[in-house]
Amino acid sequence: MLTDNEIADLLAAPKLVINPRARVKEQRGSLQLNYAAQRCGETEFEVFVRQSLHDPQGFSCGLVYTPRLGERITLMRCNGGNHLHVNSLEGFESIGKCCHIHIATERYMAAGRKPDHYAEPTQLYGEVRGALRTLIEKCNIEGFPSGNKMDPLSFLSQFSETNND
Amino acid sequence: MIDIDSIRNEICKSFCQDILIEPFSGNARADNGDVQLAVHLPLVGRDGDGIVAYLSQTVTGWRLSDNGMTLMRLSYENDLGRLLSDARERLFRTVLSESHLQQDNGELFIEVPAASLMRGLFLLGQGCIRVEDMGLWTRTKVESAFNDDLRRALHRLLPSDDCVENFQVPNVPDAATYPVDYFIKTPGKPLYLFGVHNKDRARLVTIILQYLTVHAPIFDSMVVYSELNDVPEADSRRLLAAANDIVPSINETAILEQKIRHRRAA
Numbered sequence: 001m002l003t004d005n006e007i008a009d010l011l012a013a014p015k016l017v018i019n020p021r022a023r024v025k026e027q028r029g030s031l032q033l034n035y036a037a038q039r040c041g042e043t044e045f046e047v048f049v050r051q052s053l054h055d056p057q058g059f060s061c062g063l064v065y066t067p068r069l070g071e072r073i074t075l076m077r078c079n080g081g082n083h084l085h086v087n088s089l090e091g092f093e094s095i096g097k098c099c100h101i102h103i104a105t106e107r108y109m110a111a112g113r114k115p116d117h118y119a120e121p122t123q124l125y126g127e128v129r130g131a132l133r134t135l136i137e138k139c140n141i142e143g144f145p146s147g148n149k150m151d152p153l154s155f156l157s158q159f160s161e162t163n164n165d
Numbered sequence: 166m167i168d169i170d171s172i173r174n175e176i177c178k179s180f181c182q183d184i185l186i187e188p189f190s191g192n193a194r195a196d197n198g199d200v201q202l203a204v205h206l207p208l209v210g211r212d213g214d215g216i217v218a219y220l221s222q223t224v225t226g227w228r229l230s231d232n233g234m235t236l237m238r239l240s241y242e243n244d245l246g247r248l249l250s251d252a253r254e255r256l257f258r259t260v261l262s263e264s265h266l267q268q269d270n271g272e273l274f275i276e277v278p279a280a281s282l283m284r285g286l287f288l289l290g291q292g293c294i295r296v297e298d299m300g301l302w303t304r305t306k307v308e309s310a311f312n313d314d315l316r317r318a319l320h321r322l323l324p325s326d327d328c329v330e331n332f333q334v335p336n337v338p339d340a341a342t343y344p345v346d347y348f349i350k351t352p353g354k355p356l357y358l359f360g361v362h363n364k365d366r367a368r369l370v371t372i373i374l375q376y377l378t379v380h381a382p383i384f385d386s387m388v389v390y391s392e393l394n395d396v397p398e399a400d401s402r403r404l405l406a407a408a409n410d411i412v413p414s415i416n417e418t419a420i421l422e423q424k425i426r427h428r429r430a431a
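Chains as they are written, first to last, in my numbering: chain A, 1 to 165; chain B, 166 to 431.
These are calculated hints, taken from the structure and not from any lab test.
Fair warning: this is a prediction, and the values are worked out from it, not measured in the lab.
Any given hint might turn out to be false.
Stated by the list, open to error - If you want a taste of the chain B side facing chain A, the calculated C-beta under 7 Å gives, among others:
(1) V209
(2) R211
(3) D212
(4) D214
(5) G215
(6) G233
(7) M237
The beta-carbon is built from N, C-alpha and C at its ideal position, and this holds for glycine as well.
Whole structure, please, built from the sequences with the hints as guidance.
Pasting the structure below:
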């Protein structure tokens, strides 16, 4: 189990994507991109992008910690707003139907819940590309191609709503 | 005294209050203009995210779909190709069948008559949550469950002194590298039994059997599969050539029992 300090350190640590030209694949109703990322030369993270083919608001971009020993833990996940979310340890009320950011917490892990159960509403993005940008900024990830021609998410532009981020 | 009608009314009222319904403008890619309804159910997955049923009208009633969100959520931490293979693919099919759900390119859905809308909502919600729980069934846990099943089946059949787990054949060079899952004592040749749940395990057991055939005194061998069909045919063929006998599925306990009793009576 990770402590909140360890989670904060993992989120803040500089990370470098080592396969920036990863290709989009379509699998069972969604578009998927998977990147591997290194910290201090060790490949310890995965970055994923998911976009539903059925719903423009069905998307998620996340950072997964993949230690050599131990379980994989999703540290942060920027979700679309096509569903309600309930922080179960806080009560039964949902945070509303809005884009939200899941964050791994020591408290939820200690309670035997999924580490990234807790989520907070956000207005930082409204579509998948904004969600990835938010994840990149919050998790200190570098190595993605820059500029429109190199934009790895250009495949997803057809699913983007008005860019409100 | 408990007023059952009052409680029932309260449950119905609060249940309806917890359901959010809104129009949904259809599939982004197909763009066929179909209008659906998004029904947000008071059910959440392991990560607290709510389950949504997307409703569209059919000639006889309703089509209720998850719009592919359940499998997309599973894909965050799992490779769907690997997750929905072998034993877990069978579990996936079982869950769909028991929930009356169908799958179309990742979309889980159910079609119900107009009068069964509520039943359909519950079946879809329950099925989606059960499928989402498959993320807990890691490959290691599936393997561990098979090993537990095999151990339990053998302990039911045999006195503990007659069944030695993780056995190293005496006087075999480097025996620790070629262990036998179970040594079963018989009046004749020793019976070496192995469990096999995937192709990697099938290949390893083939190597062990071939090595023991060269280096160990004469023995009898048996392989118990988790499911024969989960192992590629070429790997099974090599294993069948190396082993004396097989039990094609751990679920076929009567066959396992009959084969072991036969050898123990010899």
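Do the hints match the structure? See the list:
{"no.": "1", "hint": "V209", "result": "5 Å, holds"}
{"no.": "2", "hint": "R211", "result": "5 Å, holds"}
{"no.": "3", "hint": "D212", "result": "5 Å, holds"}
{"no.": "4", "hint": "D214", "result": "5 Å, holds"}
{"no.": "5", "hint": "G215", "result": "4 Å, holds"}
{"no.": "6", "hint": "G233", "result": "3 Å, holds"}
{"no.": "7", "hint": "M237", "result": "4 Å, holds"}
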